[in-house]
Amino acid sequence: MLLSRGQCVSVFCCVVTLLYAWPLLATRNSGGWDFLYIWDDRTNFLDNPVLQGSLSFENLYEMFTMVRINMYEPLGWALKFAVVKSVGLDAWWVRVVSVVVHFVAGFVLAKVSALVLDIDYVLTKLGSSSKIGLELDNRRQWSNLHFHACCMSAVMFTVHPIHVEVVGWPSAQSYTLSAFFSYCSLLVHVQNIHHNLSQFIGGGDGEVLIDGEDMVLKVLLGRDAMKSSLMSSGIGHAYLK
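If you count the sequence shown from 1, position 100 lands on 99 in numbering that gives the first Met the number 0, and the numbers rise without skipping.
It is worth saying that the hints were derived from the structure and are not from the lab.
Please note that the accuracy of each hint is not assured.
As the list claims (entries may be wrong) - Pairs of lysine to aspartate or glutamate, DMTMM-like flavour, derived with a Cα cap of 20 Å: (1) Lys84 - Asp46; (2) Lys84 - Glu61; (3) Lys84 - Glu57; (4) Lys84 - Asp33; (5) Lys84 - Asp40.
Work the whole structure out from these sequences, hints included.
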């Protein structure tokens, strides 16, 4: 039985993720996943009274106000605290959680990339005609194609060796959270643009009900964008030329 494109992409992403995480999973008891004491792990984990303490208002206050090794990372401390209180002071589990957050962030990045390509596709159609004439089914098909391709690119980006520090070094776990929230903020912004774009494409055949440049300006800058604005006009012409 032949697999669909989406199923093939899912299998590919799962296989790549498993291969990436296999050394961590297969050598659980090898003794090679301890904290890196020559760097910041001793200060951040072993000698950190916040992680050693109990869940209390004073401890939470300290967690969200302290600056340790010139770093202010309250959500990072909250995640480390949750891991330590759930499974103990185990560096292997800290790395496992980092891998999970890292790949979840990669999935969010894939969604962001797909939405950006969807928007670019529709705006490109706008540049060639004042009426897109793009059927809803066609837009949905292109969206799926973009998402599948972006999943593959995102998983390759996620397993790139440049990210080995954030998953291999317990103290760098907060970097995975930073990437996750950065991608989430991009997702919210791009979804808002995508929502505006969908509102301006009306009718059963997906035709645009307003002038192409007006639509680009209002989608990118909001409903109050005016052609008379020098910046707005520049953006509109850049997309439609």
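Now the hints, each set against the structure:
Between lysine 84 and aspartate 46 the alpha-carbon distance is near 16 Å, which keeps this suggested pair within the 20 Å criterion. About 17 Å separates the Cα atoms of lysine 84 and glutamate 61, which keeps this hinted pair within 20 Å; it holds. For the hint pairing lysine 84 with glutamate 57, the CA-to-CA distance comes to about 16 Å; that is within 20 Å, so the pair holds. Under the criterion of a C-alpha separation no larger than 20 Å, the hint pairing lysine 84 with aspartate 33 is consistent with the structure, at around 18 Å.
As the CA atoms of lysine 84 and aspartate 40 are separated by approximately 17 Å, the hinted pair is consistent with the 20 Å bound.
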